Structures are given as C-alpha cells and as structure tokens.
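This is what each chain is made of:
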Amino acid sequence: MSYNSTTAIQASLKKRYARERRFQWYGRLAVLTGFVFLFILLADIVSKGTPAFTQHFIRIAVNFDADKLEVSANPTEEELYAANFNGVIKQSLREMFPDVSGRKDKRALYKLISIGAEYDLRDSVLENPGLIGTKQEVWLRAHSEAGSYLKGQVDTQLDEADRRVKDNQIQWLDSLRAEGRTESRFNVIFFTAGDSREPELAGIKAALLGSAYTLLVTFFLAFPVGVLAAIYLEEFAPRNRLTDLIEININNLAAVPSIVFGLLGLAVFINFFELPRSAPLVGGMVLSLMTLPTIIITSRAAIQAVPPSIRQAALGVGASPLQTVFHHVIPVAMPGILTGSIIGMAQALGESAPLLMIGMVAFIMDVPGGVTDPSTVLPVQIFLWADSPERGFTEKTSAAIMVLMTFLIFMNALAIYLRRRFEMK
Amino acid sequence: MNTMTATMDGATDNQRESDTAEKAPLDIRDHGDVGDYETIGEPFVDNAKMSARTVNVHYGDKQAIKDVSLDIGENEVIAMIGPSGCGKSTFLRTLNRMNDIIPGCRVEGEITLDNEDIYAGNQDTVLLRARVGMVFQKPNPFPKSIYENVAYGPRIHGLAHTKAEMDGIVEKSLQRAGLFEEVKDQLDKPGTGLSGGQQQRLCIARAIAVSPEVILMDEPCSALDPIATARIEELIDELREKYTIAIVTHSMQQAARVSQRTAYFHLGKLIEVGETKEIFTNPRHQLTENYITGRFG
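Protein chains in written order, with the working numbering: chain A, 8 to 432; chain B, 630 to 926.
In case anyone wonders, no lab produced these hints; they're calculated from the structure.
Careful, some of the hints might be misleading.
To be verified - Selected chain B positions facing chain A (Cβ under 7 Å, derived; list incomplete):
hint	residue
1	Pro712
2	Asn751
3	Met763
4	Leu788
5	Met795
Stated by the list, open to error - Cross-link-like lysine to any residue pairs, in silico, SDA-like; alpha carbons within 25 Å at most:
hint	chain 1	residue 1	chain 2	residue 2
6	B	Lys818	A	Met409
7	B	Lys767	A	Asp181
8	B	Lys767	A	Gln330
9	B	Lys773	A	Leu282
All values derive from a computational prediction rather than experimental measurement.
Where a beta carbon is used, it is the ideal one built from N, C-alpha and C, also for glycine.
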C-alpha cells in the first residue's frame, strides 16, 4: 500500500469512528427517551391508582331496633329486605353527633356514609338475625368524598365552595378519626362488584369478566381460523392470481381502522342476525374479525421461517404432506404463531372503538354470567370512568388501567411460558 | 485410485494440451454445448433396481436434465459427479420424486423401481419415499430427540407395534449407521445437539430405519470434516450389502473410494458412465477427463 493511501485511510478513520460513536449515542438517547416516557406514564398511573385499592370504613354504634327497622321481633327474610336500614344508619349518625341540626347539616352528616352501607347492614342481619334488638358497633363503608378526605386527597386550604368535602364534614371526620372510628381497608369491592354511580361501590369485576369472555370468544374464533388459513395458504394452496389477491386483501384488512369492524358487527351480527346487544359474544366476534389478519400474517411468517430442510427430511422418510405439516412444520412454527396470536389478542384486549358500536359502552352494574349477558370491557370501563367527574372515579380510572396492564402482562407471561414449552420439545 | 492421482499430479500443462488434441475426434464443440449426444459407456446393467429412460426435467422454461437414461444396479453404489448445475442432484431427486414439491418442475420420461413406473398415476409418493430413502447435503435432523428422529419414520408407517419393537428398530438403525455406541446414553437428547458428522449419521439412521430398498445421498459429506467424511464413506461401503445407493458428490476421491459405477453429468446431460475404475483411469470423453483431472468444474 502506498504511503498516500495509508495516510488517507488514517485520516478518514477518525471520522468514521466518530460517526459510529455519534450514532451509538443517538441510539442510547432514543432508548433513554423511550424509558423516561414509559417511566413517567407508569409512575403517574401507579401513583394515581394505588389509593383506589384501599377504602375507608367508619365505625358507628347502630341500634338494631325492630321498631326502627319497621320489622317484627322475629322478621322473615322478606321483611328484612323491606326494612328501613337507611333510617337506622341516619339515626345512629344523629345520635353520635347530637349537636347537628338543620336539614342541610343533617344531609351533610348522612353523606359521610356510603349509600351502599344499608345493604351491607341488611346482609349482616340476614346472616345473623340475632342482631335484631341489640346495639352493635359496626364498621360501615365511608362515602367516597369522605374517604377521599380520610386518604388525604382533599386540599383543606381551598375555599369551601371549591371543595366537595365541606368544613363541617371535615370536623366530623376529624373527630371520628380522633376516636379511632375510622379505618383504611383493602378495597375488596373493587374486585367483586360491577360498575356503580357511587365511586366507593364501583368495581372492576364486571369489566374484567367482560374482557375475559370477549377475549375467550375472540381466541376460539380467531386462533383456529387464523392458523388454519395460514397453514392452508402457506403449505397447500397453489400460487396463482386468486391466492395473490387473497394475500393482498388480508394485508389490507390488517390496516382497516377498527371502528369499521364495529360498524360491520352492528350491521351484520346485531341488526341482521339479531344477536344480543352489548354481549361479549358479539364483541368477541367483532374483535376476532379485527384480529384475524394479524394472526394470519404472523402465522404465515412463522411457517415460512421453518427451514425447508425440515420439510424435506420429513418428506424424505415418507411422511405425507399433512404429516409433514403437523408433525414438523407446526411444532417449529408454534412459538412464532403464538407470539403473533398474543399480539393480536393484546390488540383486541385494548380495543374500545368497535365495542362502542355494538353497545358495550352501556352502564352495566351486573357481573356478566356468560357470553350473552350484557357487559362491558376494561378499556371501555376506563373510558367511562375517565368521563366521570367524581374524584373517586379518577383514581378508579388509573386503578383500572393497572388492572388492564396486569391482564396484559399475564397474557404475555402465558405466551412466553407456552413458547418456552414448545421450544423445549 | 493411484493411477488417477498420478495423472492429476504428473500431468504438466503441455501434456494436458496434447491429450486434448488426441481426443478431439469425440466431437466437442465447446464446454457450453455438447450438442446432440449419446452417453458414452454402458448406462444399462443386468440387475437394475431402478432405471431411468430418456428422462427430461424442466424447471419452468429451463431444462435441467436432457434425455438421461441410466440404470442403478441392485446393491451397488453409483456415484454421480459433475460440475455445479450439471443436473446430478436434480436427477437424484427424480428418483424419489422429491422434485414434486418444487413449483414448476416437470419430469418427462420413464423411471422405474423394480420395473414399476414411479411416475405412474397410481404411484403413491409416500410409499415410494419409504422405499427410496434420502440423505441430504446438510444434516437435517428433526428438532426432536435422537430416539424420535429415528423412530419417526417407522412410527408413521406403522412398522412397530410395541415399544420394544420400536426400541429394536431404533437401536438396529443407529448401530448400522455406526452411531449407537456414541449416543446410546443420550437417546432423549435433541438430535440437533450432535456434531455435524454425528447428525449426518443420525440422518442415515433415520433413512434406514424405514428399511428402504434404495438410499439416495445428495452430497452427504460436503458439510463435514475429513474425519467425519471418512466415517460416512466407510458406512456407505457397509450399507452396500443391504441397500442400493446412489450418491451425488463433488469429491472425485470420494466417488473413486465408495462407488462401483460412476456417472458424469454435464449441463443436464449424462456424458459418460461406467465402472468407476475405468472412468477414473481411462475416461473416454474429453469433458469427463477435463473434469476428473481438475481442469474445470
């Protein structure tokens, strides 16, 4: 090599290395930016959502007087269902704070306790009828505004008119706390109840089960259909104009906005086939239409990636084409197929737009018992709660997002576990 | 063998040119086109296991094999040699219809196994491939255990009815492939974890587990080191007692060592075929000689 070219290369080397170093820094910066945003997002959600997992209870002395309850001394179940527990609670509260007078103040006092408390009380009496005629200290669920003050979420420096928890309520709550009559407990109802107008009574279970049913329907429709379509197109179908056309259309379908599938579901499944509105069955069918292209495309890619040598080896020992596919190609392609399917299912889990079209946005308090019961799903529930003005729903929104993400992590973990199992074989 | 090496080493450029001059009457226009031709040597044998008659293979518009007629004798090893793209692998694959899976591939002519046309409408490719096994260029064990690799063929064909029978087949096949002693304690380990040479012997065991009558080998040693190659060549020699073997190879030494007959292909044509000793010591066609003396290919 001549002296000239050596020096020229040496001169350019510095530049080249500098360029590489710069590029590496850009890359690091990009990764860091991504992580920072992710961290901010997660930190925000977790910090806002964590309080939703606890709930405050207030202990009051309740007089289970048969007269006050408007029942006989040995009440039947029907009598208890019609009993005036609400009045009893109100009376107990008045007894604890005898100074409170005037309708407005009394109403403020009653608002310390959740309107759901009377049902809790009824249930405990139904369970133990011996309570009638006794006086008991009972823990009752606090109203969400009172709970929010007890959680320390209310800025007392604000002008009273700008707060939903008023000065007199703060005073009562402080005295209750001083007497040890308040307690923070794990929010069980959040996981056992459906939606409610009252934040302290609202739970995620209906939406969680709705999502689970919807995804179940989606999986059982989209996975077999998608994988079989992929296997046929990749391994058996002749290559011609028709299959090319099908392939192009599948790719285009993957890019169709999801709300279009919702309109299709509304027009075809609900209006034409008259399937029930708001049901996970229809939701799952719509979402499986949306997920199918993803599953087909990723499954085809996974099948294509199986080395041809494995197919040849199988054919070489006399396996039929079907045996070759099912004994050798599919097991090798399975991790990829599963990954693709899980990506599709995760998309379906997070989808809300098409479900709004088929009525899964309705306010549903009951936990669905099957795929034809009206229900909602997690993302729609998040949307509904995010839309509600009450402070209690703000934290519920974040908590629901946490539940949704946990669901997602659980699904991904399952996918990784299945993938490992298939790779081991 | 010795003579061949002598020719290769001893021939100076001058001598080679004079050879070319002597053999000119054999009507070679150039290396690219041998024109209308007739195979030199004796393509037919008395105890043919498989025979091909005027076989033509097309890949779409491209013709890969032109008018090849060749017999493969019972219990012989026939080597197919020739430069890359000469059609030897294509020809080998027509023998168990592995070309069927290549889109656009068309086979004309007649190929028989025990006097039955393997391209006849009623011929089942599954049965054919059970009778004519294949070992590929790159070792391609299934990503399953060693045991499963060997047991797969017998299982799908229903050759074993009990676990003990299957164990017997697996052990016998591995023994015949000279692999049993090395792997007998790790039959449940994945076949892909073996060394290249062991993998190829596993593939041979897999092929013989279904008791084929013919074994096709497509450059079985090209991915292996010399020691593993020697091991496989020994094995081929042993297998000849029970099986008919057709082997495609790029190594002329290998062809000379393992085969009884050798066929030289060039641009889709079968140029010369004969006793291996004859081909390597006294090639009759200029192209054959050029190839085996290393002048091209």
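So which hints don't hold here, by number, going up?
-> 1, 2, 4, 5, 6, 7, 9
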